[in-house]
Amino acid sequence: MSSKTTQVLIPAGLTLCVLAYMSVFYVKENEKAILFRLGEMVTSDYTPGLHFKTPIINNVSTFDARVLTLDAKSERFLTSEKKNVIVDSFVKWRIGDVGLFYTTVGGDEFQANLRLDQIMKDAMRSEFGVRTIKQLISEDRNELRQTLLAKLAPTAEKFGIELIDIRVKRIDLPPEVSSSVYQRMRAERERVAREFRSQGAESAEQISAEADKQKHVIVANAQRDAESIRGRGDAQSAEIYAKSYGKNPEFYAFYRSLQAYQTSFEKTQDTLVLKPNSDFFKYFSSEK
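FYI, the working numbering numbers position 265 of the sequence shown as 265, with every residue one higher than the one before it.
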């Protein structure tokens with residue numbers, strides 16, 4: 001092969017290699033690609049792998065297909081009570097329709113975040129406006145998340161954006177609202193405490209009244225039983241005395257007189273006016 005032929009083949013081969021290189025492009029797993037023909041979008045549904053294009057006439061732009069995060073700045077929203085709350089939130093999204101994404105926001109991630117931020121704030125403003133502070137704090141956040149996703153997803157799709165998740169990280173109260181809320185919570189707790197104390201005092205009175213009633217019942221029953229026992233004892237005593245009197249009436253009369261003398265003469269200051277021959281002194285004059 002002559003040197004002249006070599007000089008022709010080498011540039012031709014290099015040209016072919018360059019044209020071949022310019023005729024292929026590779027789409028990665030984490031990318032989406034758009035094929036343009038003289039600035040006009042032709043194809044946007046490329047799968048990952050090796051693809052072909054026409055050199056010079058066609059050019060390719062690739063976009064990040066991974067899940068992206070919009071970390072929104074803290075924003076104030078009004079509740080149904082016309083109270084301000086400060087909300088921190090974020091959105092997870094990715095490119096769904098890359099062609100639509102390119103035509104609506106120019107394929108610019110920053111512009112996409114701006115659009116998402118605006119529609120997200122509008123949706124939150126609407127949802128927070130129909131809820132009270134108590135509902136926002138106590139309700140399950142998943143319910144609010146599902147509601148926001150249902151509202152935002154159709155709008156985001158118009159920009160070629162697929163929403164993955166929306167999260168409310170925290171809800172804070174401004175200092176001026178916190179004070180009034182805490183005061184209201186304190187008043188509510190004090191009201192509940194007073195109610196509990198009132199119920200406790202009422203229960204204590206009921207228990208005390210029931211205890212007093214039971215005490216009187218027990219004492220009355222005890223007195224009744226005591227009187228009954230005492231009556232039976234007196235009856236037995238009288239019966240014993242009667243039997244004893246029946247065995248020796250004279251001794252019983254003498255014993256009863258001695259008891260009378262002891263009772264009568266026990267107090268020296270008393271004065272008795274009696275006839276000496278009265279029955280009271282019959283054992284004093286007895287010759288037996």
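Quick caveat, the hints were computed from the structure, so don't treat them as lab data.
Heads up, a few of these hints could be off.
Claimed, not checked - Below, computed lysine-lysine pairings styled on DSS-like, alpha-carbon distance capped at 27 Å: (1) K169 to K121; (2) K92 to K158; (3) K158 to K121; (4) K82 to K134; (5) K121 to K73; (6) K134 to K169; (7) K83 to K151; (8) K73 to K169; (9) K169 to K151.
Violating hint indices (sorted, rising):
Structure breaks no hint.
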